[in-house]
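Colleague: The residues making up each chain are set out below.
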Amino acid sequence: MSSHKFENKVIQWLDDRLPIFSVLQHDAIDYPTPRNLNYWWNFGSLAGIMLVIMLLSGIFLAMAYTPNVNLAFGSVERIMRDVNYGWLLRYLHMNGATWFFVVVYIHIFRGLYYGSYKAPREVLWWLGLIIYLVMMGTAFMGYCLPWGQLSFWGTTVITNLFSAVPLVGDAVTTWLWGGFSVDNPTLNRFFALHYLLPFVLFALVFLHLVALHTTKSNNPLGIDVKGPQDTLPFHPYYTIKDLFGLGILLMFYLGFVFYNPNYFAEPTNYIPANPLVTPPHIVPEWYFLPFYAILRSVPDKLGGVIAMFGAIVIFFFLPWIDSSKVRSATFRPIYKQIFWIFVIDCLVLGYIGSQPPEGIMVPLGRVFSVAYFAFFPLLWVIGKLERPKPLPQSIAAPVLKGSHASHSDKPKEKA
Amino acid sequence: MADSLTSASNGSPDDQSRRDFLLYASTAVGVTGTGLALWPFIHSMNPSADTLAMSSTEVDLTPIAEGQAITVTWRGKPVFIRHRTAAEIDAASQVTLTDLRDPESDETRVKKPQWLILVGICTHLGCIPLGQKPSDPRGEYGGWYCPCHGSVYDTSGRIRQGPAPANLAVPNYTFLSDTSVRIG
Ligand code: HEM
Ligand code: FES
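Line order of the protein sequences matches chains A and B. Heads up: the first sequence runs through residues 210 to 624, numbered per my numbering. Heads up: the second sequence runs through residues 237 to 420, numbered per my numbering.
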């Protein structure tokens, strides 16, 4: 497999025994990438970088953190006040979770818009959804660790979701807690799992990339790569583009870390956990709000839990729900509209989830939850009815339009 | 190697089925063994012996005036003790059972009508309902109101509105005297 020959003898010697260099050469340097990728394609590599930042900041935080109900809150305050640069590690980690989710959400909606979930990329899409689920689990358990009021009550409410399961529900919740309420055993195991899951994520990301390099990237036109004239080597064209995107992301992320580090945090979580007093208004972290709104919209315990999990699980079936063969929304005039309506619906649900469940918010939550689920059957119907615009011959064709003379394999200009 | 083995014995169909049996039997033993070996790991996450050790809480009722309520802890959970007024008892016992989501008469939920003793955990997702302090909202039915997702309980702690499926639970308790009770 190591077809590539290296000039450096030492590298060649090592590569003949462990082909890390030829794999890098093949998958990170020569790797043929569609030449027309736009900036929405930056978010995959940005998510990977956020994962590394979370691992690093988390490992150093763990060196000063104590997972015990009597000490956890204090140890986090000690990190903030006494540990050298502890405030930086914690603010990087806290805000890192937020920007990790921002990046991943954009990445997912990119896939929705350009039909990246369709054949042959179904498994790639599934792996992405599994990564998203594990990420949510990791963030949820991380939020428990500082043991503030919202840590405690967020953990209580979410673990209680499992008590809705018929017959075994209560046994499962007791098992999750290791007791009769959220307590020290719960905090201990959440810390162990919060440390473990990011490494599981790392392995899943690796599989996601193997699947990606097997089916190759989709692109804004959503048509297949026809030959070398349609691609560019990954390096330097996309390494530099990804780095530029990283610079922009860091401006936002570090802007919050240094100038408004608690913007996404709830003040209530700076009150130590009190198992006898539920705060008047409990809200999850912003990245869970749309699902929280759906949960609250169903006036039945089990029904609410099913709707909430269903809102995510349904995405696994997307490759078959969407009946259109055309991938990119660019050529699907009606799909393009319901896509944006769906995006707005998710944002509104997020807002509703952040408000107390009173007055107008209750009926609004129901309407927008129904609209959320209506998107999927609509997707099937539209695929049947819609008349897509004509697709271009190839990726290179629109780029080279008119200048057929310069029909060379060498990239001249960029889409 | 495996090839030559099978081809050597291919002649007899008896051999083939013996081989299948051995394969299925050893797979079954392997799977069962692995399953059994997993149990200690799973069970280690269940409540430990010290957590399980039964504990009970004794409460002196004298300081609780009529219309007042206190919260005590039992097994790490809040327990509500409310000294009900005659009006509250009336309201609770006059409800038609068919109007209830989780039908239970008030008499079956108390030992002495003036003392209502409940586990103070919302049966929806585990928040602690408001209604213990005089300043708390008590919801439309004068009992408790859960701020998390809006469940409303009546003066017998029965679910009346909102997403919770069941009434507030009644713990085991015994009256030691007229003015003291042991929970658990
Ligand atoms: C997928 C990656 C990760 C996500 C999404 C994530 C998320 C979070 C969140 C939301 C918090 C709560 C922050 C707060 O409000 O204070 C947290 C805390 C924490 N995390 Fe992570 N985390 C990740 C990876 C890691 C890793 C790899 C480690 C260690 C090996 C780690 C160790 C910690 C520690 C010790 C805390 C408690 C200190 C604190 O509250 O700041 N995390 N995590
Ligand atoms: S926990 Fe009480 S209404 Fe949800």
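If you're looking for bench data, these hints aren't it; they were derived computationally from the structure. Careful, some of the hints might be misleading.
As the list claims (entries may be wrong) - Partial pick of chain A residues on the chain B-facing surface, computed with a CB cut under 7 Å:
no., residue
1, Thr365
2, Val366
3, Phe371
4, Val381
5, Asp392
6, Asn393
7, Lys435
8, Gly436
9, Thr487
10, Pro489
11, Phe582
Quick reminder that beta carbons are idealized off the backbone N, C-alpha and C, glycines included.
Colleague: Return the status of the interface hint for Val366 (chain A): holds when the least beta-carbon distance to chain B is below 7 Å, violated otherwise.
Modeller: Since the shortest Cβ distance to chain B is 4 Å, the answer is holds.
Colleague: Report holds or violated for the interface hint on Gly436 (chain A), using the least CB-CB distance to chain B and a cut-off of 7 Å.
Modeller: Given a least distance of 43 Å, the restraint on Gly436 (chain A) is violated.
Colleague: When the nearest CB of chain B is found for Phe582 (chain A), is that gap smaller than 7 Å?
Modeller: Status violated, d = 18 Å.
Colleague: Please verify that hint: Thr487 (chain A), Cβ, nearest Cβ of chain B, below 7 Å or not.
Modeller: holds (4 Å)
Colleague: Let's test the interface hint: is any C-beta of chain B closer than 7 Å to that of Lys435 (chain A)?
Modeller: Hint on Lys435 (chain A): violated, closest Cβ of chain B at ~44 Å, above 7 Å.
Colleague: How about Phe371 (chain A): closest beta carbon in chain B under 7 Å, or not?
Modeller: Since chain B brings no Cβ nearer than about 10 Å to Phe371 (chain A), farther than 7 Å, the hint is violated.
Colleague: At a threshold of 7 Å, is the proposed contact between Pro489 (chain A) and chain B supported by beta-carbon distances?
Modeller: This hint holds: Pro489 (chain A) lies near chain B, its Cβ roughly 5 Å from the closest one there, short of 7 Å.
Colleague: Answer holds if the nearest beta-carbon of chain B is closer than 7 Å to that of Asp392 (chain A); otherwise answer violated.
Modeller: Hint on Asp392 (chain A): holds, closest Cβ of chain B at ~6 Å, below 7 Å.
Colleague: Grab the minimum C-beta distance from Asn393 (chain A) to chain B and call the hint holds if it beats 7 Å, violated otherwise.
Modeller: violated (9 Å)
Colleague: Taking 7 Å as the limit, does the beta-carbon of Val381 (chain A) come near enough to a beta-carbon in chain B?
Modeller: violated (11 Å)
Colleague: The hint names Thr365 (chain A) as touching chain B; please verify it with the least Cβ-Cβ distance against 7 Å.
Modeller: Constraint on Thr365 (chain A) satisfied, holds at 5 Å.
Checked against the numbered hints given earlier, this structure breaks hints 3, 4, 6, 7, 8 and 11; the rest are met.
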